[in-house]
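Colleague: Take a look at the letters that make up each chain.
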Amino acid sequence: MRGKFWGGVHPAGRKELSSDVPPSPCPAPAQVVIPLQQHIGRPCDPLVAVGDQVKMGQKIGDGEGMCAPVHASVSGRVTAIEERPHPSGGRCLAVVIENDFQDTYESALTPHPETGGLDADTLIESIREAGIVGMGGATFPTDIKASIGKVETLIANACECEPYITADDVLICTDGDRAIRGLLLLRQILRPGRTVIAIEDNKARAIAVLREKLKDVPEIELAVLPTRYPQGAEKQLIQVLTGRQVPSGGLPRDVGCAVFNVATCAFVARAVVEGEPVLRRIVTVTGHGIREPRNLLVPIGTSFADAVAAAGGLTGPVWKVIAGGPMMGRAQRDLSAPVTKGVNAIVALTEEDNGEGAHPSCIRCGKCVAVCPMGLQPLYLYRFSRRGDTAALRRYSILDCIECGCCAYTCPGKLSIVEAIREGKTLVRKEGK
Amino acid sequence: MELTVSSSPHIRSGDSTRRIMIDVLISLAPALAAGVIFFGLRALALALVSVAAAVAAEWLWRRLAWQYSTISDCSAAVTGLLLALTLPATVPYWMAALGAAFAVVVVKGCFGGLGQNVFNPALAARALLLLCFPAAMTRFAVPGAQLPLLGAVDAATAATPLHTMVMPALPEQSLLDLFLGRTGGSMGEVSALALLLGGAYLVWRRVIKLRIPLTYLGTVAVLTLIFSRGQDHLLWMLYQLLSGGLLLGAIFMASDYATSPATPGGQALYGIGCGVLTVVFRYTGLYPEGVTYAILLMNAGSWLLERFTPTRLFGAPQRKGGLR
Numbered sequence: 000m001r002g003k004f005w006g007g008v009h010p011a012g013r014k015e016l017s018s019d020v021p022p023s024p025c026p027a028p029a030q031v032v033i034p035l036q037q038h039i040g041r042p043c044d045p046l047v048a049v050g051d052q053v054k055m056g057q058k059i060g061d062g063e064g065m066c067a068p069v070h071a072s073v074s075g076r077v078t079a080i081e082e083r084p085h086p087s088g089g090r091c092l093a094v095v096i097e098n099d100f101q102d103t104y105e106s107a108l109t110p111h112p113e114t115g116g117l118d119a120d121t122l123i124e125s126i127r128e129a130g131i132v133g134m135g136g137a138t139f140p141t142d143i144k145a146s147i148g149k150v151e152t153l154i155a156n157a158c159e160c161e162p163y164i165t166a167d168d169v170l171i172c173t174d175g176d177r178a179i180r181g182l183l184l185l186r187q188i189l190r191p192g193r194t195v196i197a198i199e200d201n202k203a204r205a206i207a208v209l210r211e212k213l214k215d216v217p218e219i220e221l222a223v224l225p226t227r228y229p230q231g232a233e234k235q236l237i238q239v240l241t242g243r244q245v246p247s248g249g250l251p252r253d254v255g256c257a258v259f260n261v262a263t264c265a266f267v268a269r270a271v272v273e274g275e276p277v278l279r280r281i282v283t284v285t286g287h288g289i290r291e292p293r294n295l296l297v298p299i300g301t302s303f304a305d306a307v308a309a310a311g312g313l314t315g316p317v318w319k320v321i322a323g324g325p326m327m328g329r330a331q332r333d334l335s336a337p338v339t340k341g342v343n344a345i346v347a348l349t350e351e352d353n354g355e356g357a358h359p360s361c362i363r364c365g366k367c368v369a370v371c372p373m374g375l376q377p378l379y380l381y382r383f384s385r386r387g388d389t390a391a392l393r394r395y396s397i398l399d400c401i402e403c404g405c406c407a408y409t410c411p412g413k414l415s416i417v418e419a420i421r422e423g424k425t426l427v428r429k430e431g432k
Numbered sequence: 000m001e002l003t004v005s006s007s008p009h010i011r012s013g014d015s016t017r018r019i020m021i022d023v024l025i026s027l028a029p030a031l032a033a034g035v036i037f038f039g040l041r042a043l044a045l046a047l048v049s050v051a052a053a054v055a056a057e058w059l060w061r062r063l064a065w066q067y068s069t070i071s072d073c074s075a076a077v078t079g080l081l082l083a084l085t086l087p088a089t090v091p092y093w094m095a096a097l098g099a100a101f102a103v104v105v106v107k108g109c110f111g112g113l114g115q116n117v118f119n120p121a122l123a124a125r126a127l128l129l130l131c132f133p134a135a136m137t138r139f140a141v142p143g144a145q146l147p148l149l150g151a152v153d154a155a156t157a158a159t160p161l162h163t164m165v166m167p168a169l170p171e172q173s174l175l176d177l178f179l180g181r182t183g184g185s186m187g188e189v190s191a192l193a194l195l196l197g198g199a200y201l202v203w204r205r206v207i208k209l210r211i212p213l214t215y216l217g218t219v220a221v222l223t224l225i226f227s228r229g230q231d232h233l234l235w236m237l238y239q240l241l242s243g244g245l246l247l248g249a250i251f252m253a254s255d256y257a258t259s260p261a262t263p264g265g266q267a268l269y270g271i272g273c274g275v276l277t278v279v280f281r282y283t284g285l286y287p288e289g290v291t292y293a294i295l296l297m298n299a300g301s302w303l304l305e306r307f308t309p310t311r312l313f314g315a316p317q318r319k320g321g322l323r
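Line order of the protein sequences matches chains A and B. Start counting the first sequence at 0; every next residue gets the next number (numbering that gives the first Met the number 0). Start counting the second sequence at 0; every next residue gets the next number (numbering that gives the first Met the number 0).
Ranges of calculated distance between the beta carbons of each label pair, as one might list FRET restraints:
hint: 1; chain 1: A; residue 1: S247; chain 2: B; residue 2: L234; range: 49 to 55 Å
hint: 2; chain 1: A; residue 1: R386; chain 2: B; residue 2: A28; range: 35 to 41 Å
hint: 3; chain 1: B; residue 1: S71; chain 2: A; residue 2: G88; range: 30 to 36 Å
Once the Cα atoms are required to be at most 30 Å apart in a straight line, the calculated DSS-like pairs of lysine-lysine come out as:
hint: 4; chain 1: A; residue 1: K149; chain 2: A; residue 2: K3
hint: 5; chain 1: A; residue 1: K212; chain 2: A; residue 2: K14
hint: 6; chain 1: B; residue 1: K208; chain 2: A; residue 2: K413
hint: 7; chain 1: A; residue 1: K14; chain 2: A; residue 2: K413
hint: 8; chain 1: B; residue 1: K208; chain 2: A; residue 2: K3
hint: 9; chain 1: A; residue 1: K413; chain 2: A; residue 2: K429
Since the hints were derived computationally from the structure, they do not count as laboratory data. Note that beta-carbon positions come from the ideal geometry of N, C-alpha and C, so glycine has one too.
Could you build the full structure based on these sequences and the hints that come with them?
Modeller: The following block contains the structure:
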């Protein structure tokens with residue numbers, strides 16, 4: 000049941016900038032800033048107070064409901080609990096820890112070297128307590144995603160279709176066993192009929208690694224897909240692998256699917272087997288604005304400035320610094336925000352990458368309609384958003400937009416279509432309340 | 000350090016309005032060259048005058064409207080060249096200039112500029128000239144006539160294949176003549192070969208999709224085959240396809256972004272509509288040619304077709320067509 004998703008674009012990959020293996024460790028920073036919200040849902044309440052001594056791996060924030068706990072990524076002293084910049088823009092309550100460079104480690108999680116007999120509840124509890132969220136950038140709490148009973152198809156997403164990013168690629172090359180083990184643990188929870196690892200064909204090295212490792216794992220199928228953006232978008236990937244469409248406003252489970260990023264899988268194995276929470280992650284620090292683009296193993300809470308410095312610093316004046324990939328990532332005001340669980344890349348673009356036009360105008364070429372993977376008509380969403388016509392926006396199904404950016408990427412008139420659609424969505428949601 | 004903060008996506012394709020318009024200019028070069036080969040340097044001069052007038056009108060209009068200059072997007076140049084190619088090589092220069100200015104200012108500028116116009120500017124200007132100067136606009140020189148660059152044109156004129164077919168009878172020119180362009184007609188429409196080359200370039204460069212040209216030409220082919228007026232139906236159909244402004248219209252005018260539907264379904268209906276109207280006008284109209292008015296009429300109905308053909312939405316049952 001191999002299909003294609005609709006539309007899509009082929010931006011230049013630029014992944015060769017940072018294909019180094021293994022990822023270099025990012026020097027531990029003197030101070031980490033751990034935001035109490037690094038997931039979709041309600042923020043954590045702090046579990047520590049200013050002046051407390053914390054250990055690496057200690058839970059420092061948690062909450063009820065849809066919430067993923069956060070942990071200290073270094074040992075040291077809490078110097079502040081205050082609002083700090085967040086990579087998704089805006090500010091967020093964060094725990095600031097001064098590193099004592101002792102790396103005194105203590106985890107409340109129980110390691111389970113033998114995982115065969117573990118039941119779903121134990122596994123889900125480990126995932127929750129480790130604070131695992133969608134590590135591909137979506138940051139949806141993984142324990143909630145895994146608590147949906149039985150599914151037909153379990154998908155590990157290693158597409159990494161965004162240009163520049165090589166974090167998952169490198170993860171598979173260096174830590175593939177752990178990712179596969181994590182996927183098997185998720186399989187234990189979700190009991191799917193079919194388990195697939197999906198990867199795009201521009202990652203030859205990772206594909207070879209997976210082929211080799213999956214030789215003895217017949218229950219996992221490897222799907223090598225022709226590279227096209229946004230293949231790694233959840234709905235599009237499900238469409239490709241199963242031919243089914245997640246209904247408008249629905250979730251993957253409505254079509255019997257659960258999709259986890261491959262890095263998320265690796266964290267699941269780390270949490271269950273080793274009892275280690277999310278403390279550090281691979282971040283691709285890259286772009287022509289970075290002197291030595293590379294993959295770094297970065298403690299959560301390290302500032303962008305420290306991570307960039309670990310990659311040789313900036314080459315000079317840069318145009319934009321992005322948390323995440325250039326298609327869907329967030330442009331940063333400065334380098335003060337910390338690396339959170341969902342930050343898989345820091346991309347520094349220079350003025351040469353600036354493809355925006357001085358006088359955007361729609362020539363009705365219809366290319367946005369042709370590339371939209373959701374079957375929308377972005378040119379009208381743009382027009383009606385700018386006009387504030389919420390009735391028309393609803394008619395044109397604005398809330399189905401996944402903000403993948405294909406429309407704006409391809410637009411010869413250089414319209415900021417995604418920006419307009421976001422504004423339009425806000426208007427529609429406000430009205431709906 | 001000053002970082003730019005704006006919405007994703009942060010990278011854009013190399014495509015631009017200017018690049019598209021330059022591609023259209025390139026794709027029209029073979030048709031212009033054919034015009035020069037068959038009607039002499041006057042064809043080139045006429046094209047230059049038309050382009051210059053269009054660009055000048057655009058510059059002046061935007062200036063008077065206190066808006067930034069748009070001449071660098073090359074869309075005015077495209078309009079000027081397209082208009083010139085729909086004119087007989089015998090028309091006076093001022094007529095081309097007048098048409099070009101009308102196209103840019105009235106048909107495009109007054110409707111809000113590029114992308115906002117309801118009618119194809121070049122075709123609307125041609126329709127205006129045909130209305131105001133019917134004699135000059137239907138005086139087609141015989142191919143090979145070396146028209147004087149300056150002064151009044153007093154060349155031998157020829158009946159175009161379409162004139163003959165109104166009889167109805169098959170033209171004396173061979174199909175090969177029509178294919179190469181050895182026939183009377185507007186300076187850019189005579190050579191099917193040149194137009195097809197240009198069309199192939201546009202498709203290769205992904206400037207246009209084949210949907211509109213193919214549905215348009217296909218509809219004309221089917222209709223002229225069914226309602227053939229010749230002894231040999233197939234021959235009649237081929238003559239209909241190769242004569243007049245059909246190829247120029249189907250490839251370069253009907254596929255105009257601003258004036259055709261943006262939805263795939265709408266584009267197909269639009270092409271079919273153009274084809275039906277072209278055949279109806281050719282068979283029953285006052286003029287032997289019907290392409291101009293067929294496309295202009297479909298321009299007016301373009302928005303309606305688009306409303307009737309919404310795109311298929313991901314994850315939703317196919318919505319019912321109809322006015323929403």
